[in-house]
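Sequences are here, hints too, so could you generate the full structure?
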Amino acid sequence: MRGLLTFYRRIEWLHLFSYVVIILVELLILRSIGGTPEANVIRYVVFVGVVLGSLLLIRQQIIQPIQAMQQASLHIAAGNYHERLPHYNNVELNELAQAFNQMAATIAATEQRRVELIGNVAHELRTPLTNIRATMEGLVDGVLQPDQGTFLSVQHEVSRLQRLVFQLEELSLAESGQVPLRKQRVDLRLLIREVGGRLAAQYEDKGVQLVYDFAPDLPMLQVDPDRITQVLINLLGNALQATPPEGEVHVRVEHEGSDVIVRIRDTGIGIPPEELTRIFERFYRVDKSRARSSGGYGIGLTIARHFALAHGGRLWAESQGLGHGATLILALPL
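Numbering that gives the first Met the number 0 puts the first residue of the sequence shown at 0, with every later residue one more than the last.
Hints in this document: simulated from the structure, not taken from any laboratory. By construction, the Cβ of each residue, glycine as well, lies at the ideal position given by its N, Cα and C atoms. Fair warning: there could be bad hints in the mix.
In silico DMTMM-like links for lysine to aspartate or glutamate, alpha-carbon gap of 25 Å or less [claimed, not checked]: (1) Lys205 / Glu247; (2) Lys182 / Asp258; (3) Lys205 / Glu156; (4) Lys182 / Asp225; (5) Lys205 / Glu136.
Label pairs and their computed distance ranges (CB to CB) [claimed, not checked]: (6) His81 / Leu138: 42 to 52 Å; (7) Glu317 / Pro85: 40 to 50 Å; (8) His254 / Gln183: 51 to 61 Å.
This is the structure:
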């Protein structure tokens with residue numbers, strides 16, 4: 000801001016100095032060439048008019064736009080992130096104005112995400128904290144008995160809070176673009192089976208079948224096994240949440256070009272076409288009631304995509320719409 004104001008003041012002094020120099024030069028010229036007093040007066044008046052007109056034009060074309068930029072910057076600093084500059088005929092000033100507008104739009108989007116994140120975190124914290132408080136008040140008032148069931152209920156809510164804090168930490172790390180990777184040669188088939196084993200009890204409790212389909216001669220990958228394990232847990236966990244009892248989650252792994260492709264297809268509720276990209280947004284849920292009742296926070300897919308990108312890979316979703324299931328596709332480069 001100070002730089003812009005200093006630049007503007009320098010332009011004003013430069014124009015004033017130029018005006019004085021031009022007038023002095025003209026007077027010297029008039030004195031040297033002589034001429035009738037009437038002609039000299041006319042020349043002088045015309046010259047002064049030209050100079051004043053030029054200075055007025057310069058003020059309109061340069062100084063006033065810079066003043067507008069200065070005021071817009073002050074408004075942005077005051078929290079008005081929707082301030083924008085108009086189009087200018089001057090090419091350089093218009094490029095500067097467009098860069099300013101792009102900066103303002105980025106700041107506005109960042110602020111909006113910050114506000115949404117705070118609201119979402121507060122919302123997710125409210126339920127477990129309310130449940131813990133109600134249980135503790137029940138114990139103090141003697142309404143609840145201090146038995147194992149009561150303590151397990153509190154432990155469950157504390158575990159939910161711990162999961163949320165862990166995922167927020169992972170999300171912050173992922174969105175910062177500073178995900179540390181400890182890559183090594185990995186057999187993706189073994190990694191998927193290991194993750195499936197971790198989730199086997201949950202699949203069995205819900206009555207959902209987990210089916211593996213590995214293409215022959217799959218190449219080894221150079222990846223961080225811990226990060227890819229987190230990705231697979233999120234993807235298989237999301238597929239389990241979306242699939243009703245007696246449904247199926249099918250995992251297909253194959254080599255395509257320079258990538259190894261993992262397709263995780265469920266027989267769940269499906270995803271509307273307009274929401275296929277939104278499911279990777281923070282705290283976004285296709286079926287909000289289902290996700291909350293099953294303990295999901297809508298962060299896992301966001302983290303999974305960031306970790307995939309950190310490996311130079313991709314993660315996207317496909318679905319024919321509600322009622323047709325969905326497929327999450329992970330592509331990892333060789």
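So, going through the hints one by one against the coordinates:
A hinted pair counts as satisfied when its Cα atoms are at most 25 Å apart, and lysine 205 with glutamate 247 qualifies at roughly 11 Å. With a C-alpha separation of about 16 Å, the suggested pair lysine 182 and aspartate 258 falls inside the 25 Å cut-off, and the hint holds. The suggested pairing of lysine 205 with glutamate 156 holds, with an alpha-carbon distance near 21 Å, which does not exceed 25 Å. Distance check on the hinted pair: lysine 182 and aspartate 225 sit about 9 Å apart at the alpha-carbon level, within 25 Å; holds.
Only pairs whose Cα atoms come within 25 Å are accepted, and lysine 205 paired with glutamate 136 is rejected, the gap being roughly 33 Å. For the hinted restraint 42 to 52 Å between histidine 81 and leucine 138, the CB-CB distance of approximately 50 Å keeps it satisfied. Distance hint check for glutamate 317 and proline 85: the Cβ-Cβ separation is about 43 Å, which falls inside the suggested range of 40 to 50 Å. At about 19 Å, the CB distance of histidine 254 to glutamine 183 disagrees with the hint of 51 to 61 Å.
Checked against the numbered hints above, the structure breaks hints 5 and 8 and satisfies the rest.
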